[in-house]
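Q: My request is simple: use the sequences and hints to build the entire structure.
The lines below spell out each chain.
Protein chains: 2
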Amino acid sequence: MVLLNGDVKPYVDIDTLKSSEEITIDGCVHRIKDMGAISFIIIRTGQFLVQCVYEESECSFEMPQIKTGDNVRVSGKTRSEERAAGGVEIVLESVELLSRPAAEYPLSVFKNKMNCSIETNLDYRSVALRNVRERNIFKIQQGVADAFREYMKSQNFTEIHTPKIVAHGAEGGANIFKLKYFGQDAFLAQSPQFYKQTCVAFFDRVFEIGPVFRAEKHNTTRHLNEYTGLDFEMGYIDSMYDVMAMETAMLKYMMKYLEENYSRELSLAQAELPKIDEIPSITFDEAMEILGFSALKADLDPDDEVKLCEYSKEKYGSDFIFVTHFPKTKRPFYAMDDRENPKAALSFDLLFRGLEITTGGQRIHDYNEQVEKMERMGLDPNDFSSYLDIHKYGMPPHGGLGIGLERLVMKLLDLSNIRQASMFPRDANRITP
Amino acid sequence: MVLLNGDVKPYVDIDTLKSSEEITIDGCVHRIKDMGAISFIIIRTGQFLVQCVYEESECSFEMPQIKTGDNVRVSGKTRSEERAAGGVEIVLESVELLSRPAAEYPLSVFKNKMNCSIETNLDYRSVALRNVRERNIFKIQQGVADAFREYMKSQNFTEIHTPKIVAHGAEGGANIFKLKYFGQDAFLAQSPQFYKQTCVAFFDRVFEIGPVFRAEKHNTTRHLNEYTGLDFEMGYIDSMYDVMAMETAMLKYMMKYLEENYSRELSLAQAELPKIDEIPSITFDEAMEILGFSALKADLDPDDEVKLCEYSKEKYGSDFIFVTHFPKTKRPFYAMDDRENPKAALSFDLLFRGLEITTGGQRIHDYNEQVEKMERMGLDPNDFSSYLDIHKYGMPPHGGLGIGLERLVMKLLDLSNIRQASMFPRDANRITP
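Which chain is which? The protein sequence lines are R and X, in order. The first sequence begins at 1 in this note's numbering and counts up by one. The second sequence begins at 1 in this note's numbering and counts up by one.
Note that these hints are calculated values from the structure, not bench results. Worth double-checking, as some hints may not be accurate.
What the hints assert, rightly or not - Here are the simulated DSS-like pairs of lysine-lysine, each with C-alpha atoms no more than 25 Å apart in a straight line:
{"no.": "1", "chain 1": "R", "residue 1": "K217", "chain 2": "X", "residue 2": "K178"}
{"no.": "2", "chain 1": "R", "residue 1": "K9", "chain 2": "X", "residue 2": "K252"}
{"no.": "3", "chain 1": "X", "residue 1": "K139", "chain 2": "R", "residue 2": "K153"}
{"no.": "4", "chain 1": "X", "residue 1": "K9", "chain 2": "R", "residue 2": "K252"}
{"no.": "5", "chain 1": "R", "residue 1": "K33", "chain 2": "R", "residue 2": "K111"}
{"no.": "6", "chain 1": "X", "residue 1": "K178", "chain 2": "R", "residue 2": "K178"}
{"no.": "7", "chain 1": "R", "residue 1": "K111", "chain 2": "R", "residue 2": "K153"}
{"no.": "8", "chain 1": "R", "residue 1": "K178", "chain 2": "X", "residue 2": "K180"}
{"no.": "9", "chain 1": "X", "residue 1": "K217", "chain 2": "R", "residue 2": "K178"}
{"no.": "10", "chain 1": "R", "residue 1": "K315", "chain 2": "R", "residue 2": "K275"}
{"no.": "11", "chain 1": "R", "residue 1": "K275", "chain 2": "X", "residue 2": "K9"}
{"no.": "12", "chain 1": "R", "residue 1": "K153", "chain 2": "X", "residue 2": "K256"}
{"no.": "13", "chain 1": "X", "residue 1": "K153", "chain 2": "X", "residue 2": "K256"}
{"no.": "14", "chain 1": "X", "residue 1": "K275", "chain 2": "X", "residue 2": "K139"}
{"no.": "15", "chain 1": "X", "residue 1": "K275", "chain 2": "X", "residue 2": "K252"}
{"no.": "16", "chain 1": "R", "residue 1": "K180", "chain 2": "X", "residue 2": "K217"}
{"no.": "17", "chain 1": "R", "residue 1": "K256", "chain 2": "X", "residue 2": "K9"}
{"no.": "18", "chain 1": "R", "residue 1": "K180", "chain 2": "X", "residue 2": "K252"}
{"no.": "19", "chain 1": "X", "residue 1": "K275", "chain 2": "X", "residue 2": "K153"}
A: Shown next, in the form of structure tokens:
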């Protein structure tokens, strides 16, 4: 019998390192520079790299044979050293080998920028992420998600966890994964749409950060088959512009939050945060005019998104632009139709640096209106009876949106392929690692 | 063209209500008490209930016909009223109808405790959650998840999002959901096990809050087929007791956090938080002795868990008890074997008020040891080659655990069925709503 009182060994972070004299650090041997009488061993922890020095003439212990990739516990004294990363190095007093890999790294992870194809990077993902710039992307991803959560909570949104195994797709179309669920047909949620709407009926404002599944067949640099959705939904809106105002305020907060809390990571990524003052919003018809199309298209294609962002940057100095009032034929059945323009839905996209990162809008809250729209679109309302319960028993006017976390990070960090912004990406050809 | 600057309408929370004189509130008509010359209308917002008063003699506007379930915008003056919940009521100055349900509620949600079976509650989940005690469970759930996250971050853990579509089950057994992934066989993740281990190699300490899928066939009051896992994994441990110490410290923090931030919700739920000073930890062999089994069983069953918790409460005044060194036959292939007891794995459970809420342990970090254990257990290491890359290219000694969020909340709130702690539970018979 043992009694546990919760005493935990403190973790050495970068600040402890800088302020400490005698220190013990656990880490991985990232690189060894053997200069004969003196060796430099770069240790990688989960937070930083630090240079350790072994001088035969000064160190009184015998150095064990260590190799790149070994996990070690080192002790020593810190001292200032301008040439070392972080301005501090450790003069070693002991080195203990904790574990040793069975093979050498197949990639040069110690280099500043890894020199390999995206395919090789992903094939050896567990190694590639040991590169400090590769893993840094996911530190920033954490910051982006935290900023979203903090802002939503400050606005009285409640965080929810809704099921990913569902009886019906919310977004329509063929891009949905099917599974067998105890003999029934079931699907993987294409979005938390139905559930976040349901929660508006009792929490007014909700958000969710969770996986979203899309069975997109095409492999592009901007699609993933599983991604992380930042979703919110809010009740008692006067129009979809309330949703867009909320997103604008959230993004402003996010950039400030990242600047204040992730400056080291942003600098390592050489990222330039967008300045957000005001975000312009144009209608789909206005977009067609700007793009020089004489007739309306049904949707925007990737080139259009790039051009509209160039327009926004040039004319308004904004890296973002909203496009509203999309043709309703391309928008899901829960989107509210525009009373003033029978062809349009009260639905919007937000484009950022040439890429759509958000889809949102006002939803239908009236039961009869929803049933009629389903029927008009060739859907059987009986298939959606449990979803329609929310309308039957009453919903306030409401709307919301979904942001693709990986797309947002991709554009914040100017990455060329969305797979770089997913730790373990899923595409039509890849389910490992 | 419109410019959005991110001005958002402030949300009226309980504190605004108390400090405000003139107020406008959006909400749902929760209950109407018509006394003739005076009517009391209880408005439900996402945060609170408030009594609104309409007196024919005092109110200068004509009251629209409103019914329970209507969504309204009301304005008026607040005044102290001891008999009203929250000590404040609103004397109405205007009522605007925003939306109206198509049918009356099938359940009496305005009652303090709903008087219906769990099946009816779940069938009409979108209505049942409009009861303030029902929704309150998920406010507390948010607090539990936030406390976990905050504590983990304070200990330098990085939050990760790992794929739920996977090529292999991590936990073995038949309780895994299969799906077709572009012609390949794929599965839904039974845990983030492989991925959180992978992340230890470059972040040292990671945690994830996300969905976990188990194709358990039996319908019990303690199993869900989809639940929310609170997972963490940490490198450079000296033994699994480092993991258990971390969990103990996290739980202490959680109870303090809930007490400080969720006192209103805990009081509504009539919840009694456990006092955590020290958590006793016994070995599986000791557990057998306490339970009076002369021979070792392979695992603990639900009755054993109840008895061990009674023992812990009586002997140590603790609502929790760790059980360690489980027989390795019932533990997964990644569990490290105990060098001192060849029958045991370095694996533990944490029991809380009669229920297992955590499984964790030290993992194998050595490549050859992992390959040999797989072979001994009849698994083909070639099937796990991308997972084994983490061992091949080096892992520090590490361990971690997974906590079932719904189980933890169930026991914190003394709920009799785990479905009450899941907003939209999935069991063998239920995938809607």
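Q: Output the indices of the hints that this structure fails to meet, ascending.
A: Of the numbered hints, 7, 18 do not hold.
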